[in-house]
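A.B. asks: One line per chain: the protein sequences are A and B, in this order.
Residues in the first sequence are numbered consecutively from 1, following my numbering.
Residues in the second sequence are numbered consecutively from 1, following my numbering.
Errors might be hidden in some of the hints.
[Stated by the list, open to error] In silico contact screen, one side only, chain B against chain A (beta carbon under 7 Å); selected entries:
#: 1; residue: I40
#: 2; residue: A44
#: 3; residue: N67
#: 4; residue: I70
[As the list claims (entries may be wrong)] Dumping the calculated DSS-like pairs for lysine-lysine here, alpha-carbon to alpha-carbon at most 25 Å:
#: 5; chain 1: A; residue 1: K166; chain 2: A; residue 2: K76
#: 6; chain 1: A; residue 1: K20; chain 2: A; residue 2: K166
#: 7; chain 1: B; residue 1: K31; chain 2: A; residue 2: K166
#: 8; chain 1: B; residue 1: K137; chain 2: A; residue 2: K136
No wet-lab data here; the hints were simulated from the structure.
A virtual CB, placed ideally from N, CA and C, is assigned to each residue, including glycine.
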Amino acid sequence: MRFLNAKKLQDSQLLEGLKKEDPAIFSYFYKNYYRMIEKLITSKGGLPADAEDVFQDALIILLAKSRQPNFKLTAKLSTLFYAIARNKWTNIQYHRKKFTGLNGQEEGIAESPLIDEDERLESVKKAILQLGNGCKNLITQYFYQQLSYAEIGLLNDNSPNYLKVKMHRCMTKLRTMVFLTTENNQV
Amino acid sequence: MSTDQKRAVIWRHILAGHSTPLPDMDPQTWKEEELLIKGIQLTAEQLTRQRIAKAITSANRQQRTKNRRIVILSIAAAISLLVILIFNFQDTTNYHQLAIASYSVAPTTLLQKNNQFKSFDKNKEYYLKGIELYTKKEYNKSIVFFSKIDKENPNYEHARFLLANAYIINDEHKKAIRELETIYAANNTATIKWYLAIALAFDNNNKCLPLLNDLSKTKNLYQKEAKTLIKQITKIKNKKIL
C-alpha cells in the first residue's frame, strides 16, 4: 500500500488491480481522483456527501466495464472515470427532479411489483450469504466478474469441467435455499 | 438437452446482456435464472461497495495520520526555530561575556593629574579615601566617596573615571556609561573611548561598535584589543544571521 502511494501507476496496472478488487487500487483511486469528482459534483449543485456516493457508483461502473470482454481503453482512465461520474451525477439529478415534480405519485403506482421483486432479491441475497465459500466464490466469479470456467480454473487450479458440474450444484443449492426462504416468508 | 444445459444456455444469454428469452427458452426458467443472476450480481456488488468503503476509510485514516505527522513536524520545527531564536537572543549576552574577557580594572594611575586640591579641602579627603578603597578593591565603598566630590573640582574627571570603573565592577553599567559619556564629551582620548566601549559592551549596546572601529583604525594603546573584540562580535553576528 505504501508502495502504491508513492508511485504513479499506469492505467493498465490500475485496470488489472480494479478487476481483482485490490483494496490498494481502491485507495489509489480515492487518493488521486476523489478531489476531482468532489469538485465536479459541488460545481454542479451537489453536496460533498453526493460526491462520495457518485465516486463509489462510478468506481462500480468502471469495474463492471473493465470486466466486459470487449472493453478497450481508448482514452486516459481518469478521463473515462470522470465521464462516468459526470453521467452518473446527471442521471441522479434527473431522477431527483422527476420525483420531486411528481410528489411521489409515481412511486405509489409502481410500488407493488417493485416491492415483490425486492423481496425476492433479498431472499436471493440471504441465500447467497448462507452458501459456503467455494460456491459463493464460484458464482460471484462467473456471474459478477464474468470470468469463463477456464479463467476461474486457472485461478483456483481446477478443471473447467469440474467447475461446470460444481456450478450447477451450487445453483441448485441456491435455488432450493431461495425457494425455502420464500416459502418461510409466505408462511 | 438436459435441464442443466438449458439453464447454462440461459445464463450465457443473460450474461451477454439480453433482457428477453429466445423462443426456444422456457419463460418461467428464464425468469427464475434472471432473478438469481440479478441477486448474485447485486450481492456481489454490495460486497464490492463494502470493500471500497473500507479502502476509503483506510485511506482517510492514513491521510489523518499523515496530517497529524505534518502537524507534529510543524510544531517541532516551530519549537526548533524558537530555540534557535532564543539561542541567538542569548548570544547577545555574549557582548557582555566578551566585555568581561576584554576588561581589566583601570589602575588608579591611569588619567591621574597632578594633585590640584587645596590643603584641608573636603574634596581632597573624598578623593583620597575613594582611591584608597578603590585600590583595596572595595569598589562599592569607593563609589560613595567619589560621588561626593564637587563636579567643578579639576580632579573630578579622574575621580569620575574611577567611579565609572567602580560602577562597571558593580554591574551598574548604565551609570558607568553616563559617567564615561560625560568625560568623553570633554576629552575623547583613546582611553576614555575604550572604557566607554567596554561599558557599552557590558550593557549589550551596539553603540560600542563604532567606538571600537575607531580604536581599531588608529594607532593607540587599545588598537589590538579593539580589533580582537570586533572580530569576536562579528563572529557572533554572523552566527545569528545563520
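A.B. asks: Now, for every hint given, state plainly whether the structure supports it.
C.D. replies: Verification of the supplied hints:
| no. | hint | in the structure |
| --- | --- | --- |
| 1 | I40 | 5 Å, holds |
| 2 | A44 | 4 Å, holds |
| 3 | N67 | 13 Å, violated |
| 4 | I70 | 15 Å, violated |
| 5 | K166(A) to K76(A) | 39 Å, violated |
| 6 | K20(A) to K166(A) | 22 Å, holds |
| 7 | K31(B) to K166(A) | 22 Å, holds |
| 8 | K137(B) to K136(A) | 101 Å, violated |
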